[in-house]
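Since the structure of chain A is provided, determine the placement of chain B on it from the hints.
2 protein chains.
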Amino acid sequence: MKLTIREVLKEYKKFIDQDIVIEGWIKTSRSSKNIGFIELTDGTSFSSLQIVYGDDLENFKDIEKYTISSSLTIEGKVVESPGKNQDIEIHATKITPICLSQSDYPLQKKRHTVEYLRTQAHFRPRTNLFNAVFRVRSLAAFAIHKFFNEKGFVYAHTPILTSSDAEGAGEMFQVTTLDLTDPPKTDGCVDYREDFFDKPVHLTVSGQLEAEIMAEAFTNVYTFGPTFRAENSNTARHAAEFWMIEPEMAFADIKVCMDIAEEHIKYIINYVLDNAPEEMEFFSKFVDKGLLERLHNVVNNEFARITYTEAIDILKEAKVEFAYPVEWGIDLQTEHERYITEQVFKKPVFVTDYPKAIKAFYMKGNDDKDAPDRPTVAAMDLLVPGVGEIIGGSQREHRLDVLEAKMKDLKMDLENYQWYLDLRRYGSVPHSGYGLGFERVIMYITGVSNIRDVLPFPRTVGSCEF
Amino acid sequence: MKLTIREVLKEYKKFIDQDIVIEGWIKTSRSSKNIGFIELTDGTSFSSLQIVYGDDLENFKDIEKYTISSSLTIEGKVVESPGKNQDIEIHATKITPICLSQSDYPLQKKRHTVEYLRTQAHFRPRTNLFNAVFRVRSLAAFAIHKFFNEKGFVYAHTPILTSSDAEGAGEMFQVTTLDLTDPPKTDGCVDYREDFFDKPVHLTVSGQLEAEIMAEAFTNVYTFGPTFRAENSNTARHAAEFWMIEPEMAFADIKVCMDIAEEHIKYIINYVLDNAPEEMEFFSKFVDKGLLERLHNVVNNEFARITYTEAIDILKEAKVEFAYPVEWGIDLQTEHERYITEQVFKKPVFVTDYPKAIKAFYMKGNDDKDAPDRPTVAAMDLLVPGVGEIIGGSQREHRLDVLEAKMKDLKMDLENYQWYLDLRRYGSVPHSGYGLGFERVIMYITGVSNIRDVLPFPRTVGSCEF
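Protein chains in written order, with the working numbering: chain A, 1 to 466; chain B, 1 to 466.
Chain A extracted, bound-state conformation (with noise of 0.2 Å):
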């Protein structure tokens, strides 16, 4: 019976004393004059599998020799183990090599920094770190849409080219198929006509105006794709590859998603310490000793909801000196945004109501009868320890006259948004959504810093390996 690890793991008991066949990869390897023994993994689970041989096998000297990293068929034995690092062991009665690694293999049983192991980027995968940060990155997708599906929203693949400017979101790349040595002009500006789409077109900064297109079909949307930013900031936190989550919502006001987003920030959570144990136990101790506490303190309170003048008011009075000063209609910074959720509440906070002027121009505009001076919009970020802001949301304007009144201010080109308004004209209805940063969250819950590393194949500037 051919198993994989995590199937042996799994239900151990079911296969003592069981003939297997288990195929793998050598981590470290170890013997003495009579006996044998090969830490075996295949990827499919965070432990590996300890294997165990004697000189009754014929080929025990050539097994002692055999490199790490090379790929073994084993056919042994399940026995409980007498370790106390395991359960269960193989006693193997069959070693058969795939194929022996080259000795030079780069990723020795030393331990890496994760500097060096970027440069390694086909291997690094391979190591106890990434092979837990890319597993809980596939559980907290997985349960990221089973969130959803649950609820029945519509999981919508909004596109990744777009001809629309996204007004402002964030620096873009353009895509096309001219040949740059020499592109087609006329009267001086690139001629589009001999261009794949006839006109200008660029990646997605987000997909939000489009899943207002289908929340309007659907009620309740999401979309889960990767997104792109061409901005030049070479730092821990950003990447011009990511993927972003954008539900979105009909008949819903600003209340209602911050519930939603409350309950999926939870449920992820939850699903991945559920559901990967030894990682986050491994997280918890060499990552991010503060993690575990950290990450049940988000699950098991209610996220706070203040206004973004509660804030204000809140930092004005702190005894602490900010970098920025602070004052009501500044953009609110990291240090401002960990001071409230770190120092003050500690533990996840919804600000609210930002001021018009710092928030884009799709966002509802508030009554703001006591203070007419100071407009704001009906905006919310998500604000949790150690990170700041993972969550930014807003319900939308959808009163036509409103927006069209709000774009012509702006200076907008309203004969590219007539699609947008269009929306507007026929069956508006009051509705509300969030973008959450995917990468974000898995930084949030592994307590990995860099973004580099929560990402298989990271580009960022003058980065772009495969």
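Think of the hints as simulated: they come from the structure by calculation, not from any bench. Note that the coordinates shown come from a computational prediction; the quantities given were computed from them, not determined experimentally. It cannot be assumed that every hint is accurate.
No distinction is drawn between identical chains; accordingly, a pair holds when it is met within one copy or between any pair of copies.
Stated by the list, open to error - No more than 30 Å apart at the CA atoms, straight line, and that leaves these computed lysine-lysine pairs for DSSO-like:
# : residue 1 : residue 2
1 : K199      : K406
2 : K199      : K185
3 : K199      : K13
4 : K110      : K408
Same frame as chain A, now just chain B:
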């Protein structure tokens, strides 16, 4: 109690005689002297809900005039319906307009052609057809994740931006931040030092090679993401942006690969049949009369497996005039594929062991002892009735010397593929994988014949709306 139509219909018996609140859009509306009927939809369910209102409502005369697609809040009681098309209806006690739709709404009650609806991409998800197609799309996507999650496969996000050329898998889009009106040049060549990634970068045509990296770490992985082809082909089956699923399995030969592919296809179809019965009935009634029979045929039969050489023999003996003459060595055309699967086997057929010369460099060479003059590779295509090829896969060449020799033969630049060869140097194992075009699956399951109608926002030559 505010409910979606999906929630009400799912357990309607529970709600009979209860007062509920429903929000949605007017699909149709008619009234006589003292009674009116509104067919209300919120898109959460294929079925709409009948709202009955009488002249006891003070705004009876206004309600009669509400335009199609106006959004409403309905308060009322759930009652069993005397009509035979529905189990329940709502007797309204209060009807409040949210936003009235302008009366020139482009989708009036009459039936529209799919061609017309393509010009109304921001409204077409509101029609029965597209509501059904995009919900099935969402369900099929979930089925795919669920299938692989249950099997312990890791979902790997392979990169969209790539600096490798994918060796002729298809024409590629270039991605750049250079100013196309005047790209910087050095010695007549584009100077990529000024581009975002310091080198030419394109949109991926396949995640396979990177998936191989992940498979050699996790054993079983899959990708599911957007893929791009800049091919100037304006057909009903080609889009420039489409989604693809690419499983990759270590310690797996071509037979295992076919077993998984067969199970996978059946799983998706069964999941959709179980979870979208109304939608499937609609398709089989209005889109493709033979649909359900064809799908049941697929899930209930073991797929046939023949070699390419056997396929050629069958085609040569066929009493059919093919447009493309049949000879050992040719690439099978759709007419050949459909003949085999529709006329001969009348069910899905795997064709294996194609001529080496017509397949990609990475496919594993066969022994070919019986016919050394006809070298073949361990490739497999799955052909299905009504469509032809729906899956293409292969065992990968894992022998370093064989792969290197072949790449040299093909005059490939080995320098660019050192990482790929490294996978064979350090712990190589037999491995296999396949690619499944997601839109092809959706077309197959829904009977919809144009790829533009299974993509919410299709991108094709000269067309990139939004």
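Evaluation of the provided hints:
| no. | hint | in the structure |
| --- | --- | --- |
| 1 | K199 with K406 | within (27 Å within a copy, 41 Å between copies) |
| 2 | K199 with K185 | both (13 Å within a copy, 24 Å between copies) |
| 3 | K199 with K13 | neither (63 Å within a copy, 54 Å between copies) |
| 4 | K110 with K408 | neither (62 Å within a copy, 36 Å between copies) |
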